[in-house]
Structure formats: C-alpha cells, structure tokens
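Number of protein chains: 2
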Amino acid sequence: MRGLPPEDRLVERLSSLYRVRRRDVLLGIGDDAAVIQCAGPLAVSSDVLVEGVDFLPGSDPRRLGMKALAVNLSDLAAMGAAPLHALLALGMPPRTGLDWFDAFHDGFRAYAGEYGVAVIGGDLSASPTLFAAVTVLGRPAAAGLLTRSGGKAGDELWISGTLGAAAAGLQLLLQGYRLVGEDGIRGPSGRILRSPHAPEKRRLIRHQLSPRPMVELGTTLAEKGLATAAIDISDGLARDLHRLCRASGVGAVVDRDALPADSAISELSARLGMDPVATALYGGEDYGLLFSVPRQKAAALTRLAGRFALRRIGTVTAGPAVLLSARGRTEPIPDAGFDHFPKESA
Amino acid sequence: MRGLPPEDRLVERLSSLYRVRRRDVLLGIGDDAAVIQCAGPLAVSSDVLVEGVDFLPGSDPRRLGMKALAVNLSDLAAMGAAPLHALLALGMPPRTGLDWFDAFHDGFRAYAGEYGVAVIGGDLSASPTLFAAVTVLGRPAAAGLLTRSGGKAGDELWISGTLGAAAAGLQLLLQGYRLVGEDGIRGPSGRILRSPHAPEKRRLIRHQLSPRPMVELGTTLAEKGLATAAIDISDGLARDLHRLCRASGVGAVVDRDALPADSAISELSARLGMDPVATALYGGEDYGLLFSVPRQKAAALTRLAGRFALRRIGTVTAGPAVLLSARGRTEPIPDAGFDHFPKESA
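Which chain is which? The protein sequence lines are A and B, in order. Just so we're aligned, residue 871 is where the first sequence starts under the numbering used here, counting upward by one. Just so we're aligned, residue 871 is where the second sequence starts under the numbering used here, counting upward by one.
The set of hints was computed from the structure by calculation and includes no laboratory data. Quick reminder that beta carbons are idealized off the backbone N, C-alpha and C, glycines included. Mixed in with the good hints there might be a few duds.
Computed beta-carbon distance windows for the label pairs [as the list claims (entries may be wrong)]:
# : chain 1 : residue 1 : chain 2 : residue 2 : range
1 : B       : PRO1212   : A       : ARG1177   : 50 to 58 Å
2 : A       : ARG965    : B       : GLY1046   : 27 to 35 Å
3 : B       : ILE1062   : A       : PRO1202   : 52 to 60 Å
As a list, the in silico SDA-like pairs of lysine to any residue whose alpha-carbon atoms are at most 25 Å apart [said to hold, decoys possible]:
# : chain 1 : residue 1 : chain 2 : residue 2
4 : A       : LYS1094   : B       : CYS908
5 : B       : LYS1094   : A       : LEU896
6 : A       : LYS1022   : B       : GLU882
7 : A       : LYS1022   : B       : ARG879
8 : B       : LYS1022   : A       : SER885
Next up, chain A with everything else stripped away, as it sits in the complex (with noise of 0.2 Å):
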C-alpha cells in the first residue's frame, strides 16, 4: 500500500481531479478560497460523517465518498434546492494509502457528477479518527423555499420511498456481511453467498451504505409549491417527523398501516432481531423526504406518486401530540431515533 503523498501534491491531485469549467464556478481547488459567481438566494448545509459513528471502521471508501456527498445533497433536496457547489474536509489517519484516498474521491466524484455538483474546494488534514466534513450550496426554487416551519393541520403526510431498508442493511453489515465487488456479497463466513436471499441482502447494504439523495423530488415540489413543509429521514421517521412538526407548532397522525416498511424487512426481520413497525419508524438512513401537502395538492401530488415512489402516511393535526393510529386506536410516538449525544443526556 503507498502511503500520502505531502499535502500539496494531494491538494494537485484533488485540483486535477475537480477541474470543471463552469461560468459559475470563478475559481476552483487550489488558493485560499473558492470564488463561485451567484444570485440570489443560495442554501448552505454541511453534514459530518465519522468513522465509528456514523460508519463502521473499514468502510468501502468508494460507497463512503458516495455517501458523503449524498447525505448533504439530501439536505438541500428537502429545502427543495438544486445542488450547484461541494466543499470537502477530510481527515484521514496515519495509515490513509493513496489507494483509500482514490477511491472515496472516486465515489465522492461519482456522485457530483450524476448530480451536476462542481467541487470546489475543501481540507486536507491528518487525524487520529476518519472524517469527512462536506459544505454543499444549491439554488432554491423560484417559487420559494421549502422549510421545515410550513405545515398546517389539515395537510396530508406524504414520504418518499420505503422506511427501515438502511438500518436493516446496517444490522447485516454488523453481523459480518459485506459487499464484494459488482454484484456479490459475503456472508459472515467470508464465503460469497449463494442463496435467494442475497440479491436482497445485497440491496439492503447498498442503501445503507450508498443512499440515493431525492433530489429531483425536492426541486418539484418546491417548484410546483406541492409542500408546505419538509425535512429528509436522516435520523428516522419519528424523530424527523417530531422535527418538522415542532418547527410547524402542529401535530400529526400517522397510519401505522401506511408504513412503507421496506419488504425485505418483514421477512428479513425475525432473522436480524428487528420489530417491522419499529424498524421503519426509528431505523434512520433511509433518506427519503417527508413532506405535508395542502388538500387541495393532493390530487397533483397523486400523479408524482409512481415516479418518486411516493405514499401517503398520514395527517397534520393541530394539537402538538404526535401519534400512531392502528385499527382505530392510537398511541404516541415518542420523539427518538438517532442521537449524537444520547448517552450524556441531561
């Protein structure tokens, strides 16, 4: 394995590797600063990923460069922005090789590409724990911003895609599988696997550990004002949907029986140890959108339901109790999920 390189030739390399030649980009990877050509308004998000927190020591650095990029073009596509514009810090330990770091700009680059995002600029640093640090900048919608703080009792709860196939993915990972290559995986054993189950084995890692940020979902939404309120299931469904819904003063009632729990994870779930329904309400990863939509959107919103996989869970209330309803009864659903800090709380 060849070791880094000294700083400057990896920030030539980077430079190379970025160039772009866009009018809106005036100065790219190499100065002090980039300089980009704007107007108007402009969202900015940065999101952190660190080894052993928030993926497993060893990681695939090609999906790991992937998925940097991705959860930050998730939050923009829930403030309904375009991606314009990535910034990437990265701190990498003594043992980086070139070969590791290769590969995750190989991933990372992947993703900007198929997302129209020109790279330009970033950090280099060495650090005891991997991390990568990424600034991301896009273009709302015309029409307005999509925020958090827009839902009104009355909406209609709408999510895209399933719920719980990226924890469920995660559970294998901890249990030993991995990815092999185009289209194999490795059970526990080291040995590939060969049963019927792997092709959907497979597919779980791979949303956990390469997400599909909804881009084109935020961006038409917020032009064609579908949502009055958004966020990204980053951290799972009950503790965004807590999210958006304080930041809105109302509540909600979601259908438990309108839960699009993945359908890997009810046959899958008795083997992983995972209950379906909690699966898909506190797993986390999956980055879909959640979003509340005015009733009289819902029939436009009903003909973007194939394209964007999109399901309707639920109702925006106005009382602050966030609940589940099954068979005519409910419960609440407590604000939990994914915490940075759950552990030292107060």
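Here the structure of chain A is known, so what remains is to put chain B in place on it, guided by the hints.
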C-alpha cells in the same frame, strides 16, 4: 461537569445563540440548510482544526472557538474578501461537557461578532477525536479577486506582522506554560509566573492560541488594487512563499535581514532551543499576509505600513528559484514547513 443534552436541544441552543437579523440571511440555524441572499461573486473556504494535530489536547475551549473561526477568516483575508457567513461542524468526544460546549461557542461568537460574521449553520456529531470544521463565505472586493497566481517578476514581496511568535508560543505550551485568566500565566511547575518575561511569554502563547486574521488588510489591498498576489502565512513563510511562487510561475529572493522576526524570539530563542531565522522561515501559524506589490504601487503601500505592520522582505523574480539572500550571498529556501502528511511522503 454537566454532560451534553440531546442533539436537538443543542441545536436550539445554537439557534438562539446565533440568532441574527440581517437582510442577507433568509434562514439561519435550525432547518436542513441555511439560506442566504447573495449577488455577484462569493468566496468560500473550509478549514479544519483537529485535536492532537492542530491544537493540543485539553486546549482552552474559548480560545479554540476563536481560532477555529480565525484560521478560516484568514483564508478570506488572503483573497481580499470581506467575511459574511460561517458554518461550523463540530465533532465532540463522549467526555465533552456542556461547559466546554458553551465556552467554545463563546469564543466562536466573540470573533464572529468582531468580524461581522453571521453564523448560519453547521453540524454536531459525536467523534472519538475532537475537531472543528468551519466553512466561511465572503464578498470579494469589487475591484477584483486577490489570488496566489498574479505575482510578476519585479514585484516587491511584503508581509504583515512579525514571524515566529506563534511557533514560540507553541513551544511554551509544549513545555507546560498555560494562560490563566485575563492576564496571568502559569509555568511548567504550575506556579503563576512573576518574572519580567511573563508578559512576553503570555503574548507569544496568545499569538498561538488566538491569531488575528488580517481581514482589513486583505480587503484594503484588493479594493485599492495594491497587490498582484497574496496568501496567508499559515504553514510558515517558506512553504507559503513557495505556494505563491508556484501558482504565479515566478521565483523570489528574500532578504534575510529584512525578516521581521518577533522581538521576543531572539531573546527567548536560546532558552527555547529555537534558531531565530529558521523560526521566522518555517514557524507557521502567524496568519499574517504575504503578498506581491508592483513597484509603482510601493509608495501607496508604504503609507499603509504603519497601520498594518507591513514590511518589505524581498523581490519577485522570473526564475523558479526561491532564495534567501544575506551579505551578498544567496541560498535556496527549502519548500519546508507544516505538512499534514510528512512521514507518509513517497
């Protein structure tokens, strides 16, 4: 010591701490992204401080908060950009208490207030290693960008401030000296220092812990069109001069006797085991600006010299060589200084 409350409570705390009423901030802390209003070019830069790499374990959190913002503002200063906004991603180990958190933000906010920076977002994460990843946005001067790449043969080379004070401050910290309260200093034995050297030592440590970014100098140089190229001296004069020369495709001759070594260095150097000239060349972290000035602008620059502690230290040349001259002889200045990946060099 109180531990940290849950993440959402900390975000609420920051949202209230950094609340801002400014027409260019459409949405601050608390949603998936911040939204700013902008028009024209925008300079963007990210810089990371990592515990054990960029600062000593157990560093004073308030001064660390200042430094985390200062090193980023210094990058904007080198571009001649006026700071506008900052985002802060903070990785905190389990031991982190609320007192530490509040003190860090007290320092960050103090510098933000002083330099007119609106803190609009960021991220909070658990992390085995403490780190602060900051992104700053700023407005370049209307007169044009200040970059590393515009230096011309025949230009004069100037720097602001003195050299070596931050490196000497670091040596004092490594020997066990610590700041105490508003004007005290503690020696390695733990006793408060009362010697005549105490104020000087305190000044050096402050220089290391709380650098002053040369924002006003940077914007003045850019607005008046006085500099052809500029860089901030973060990794030592030698390394940053090499960077400026490489980017500009030029060389340089630096006059050894013109180097403004900090007044305390020659006195303390023997006791600290530091060579004064080497400290000035390779010390780093002084965060002054190094810039090239066309001869015909020298008079205008001289009028600013007193206000910004400016000094001419040499000349830009055509060749690629970067040289130190003394008593009629020249020798190469090695491209040495701080590097995050020195031991892994190929």
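Consistency of the hints with the structure:
1. B/PRO1212 - A/ARG1177: 50 to 58 Å: At roughly 52 Å between Cβ atoms, A/ARG1177 and B/PRO1212 fall inside 50 to 58 Å, so the hint holds.
2. A/ARG965 - B/GLY1046: 27 to 35 Å: With Cβ atoms ~30 Å apart, the hint holds.
3. B/ILE1062 - A/PRO1202: 52 to 60 Å: 56 Å, holds
4. A/LYS1094 - B/CYS908: 24 Å, holds
5. B/LYS1094 - A/LEU896: Satisfied, since the Cα-Cα distance of roughly 21 Å is no more than 25 Å.
6. A/LYS1022 - B/GLU882: Roughly 22 Å separates the two Cα atoms, so the pair holds.
7. A/LYS1022 - B/ARG879: 24 Å, holds
8. B/LYS1022 - A/SER885: 23 Å, holds
Against the hints set out earlier in the document, no violation occurs for any number.
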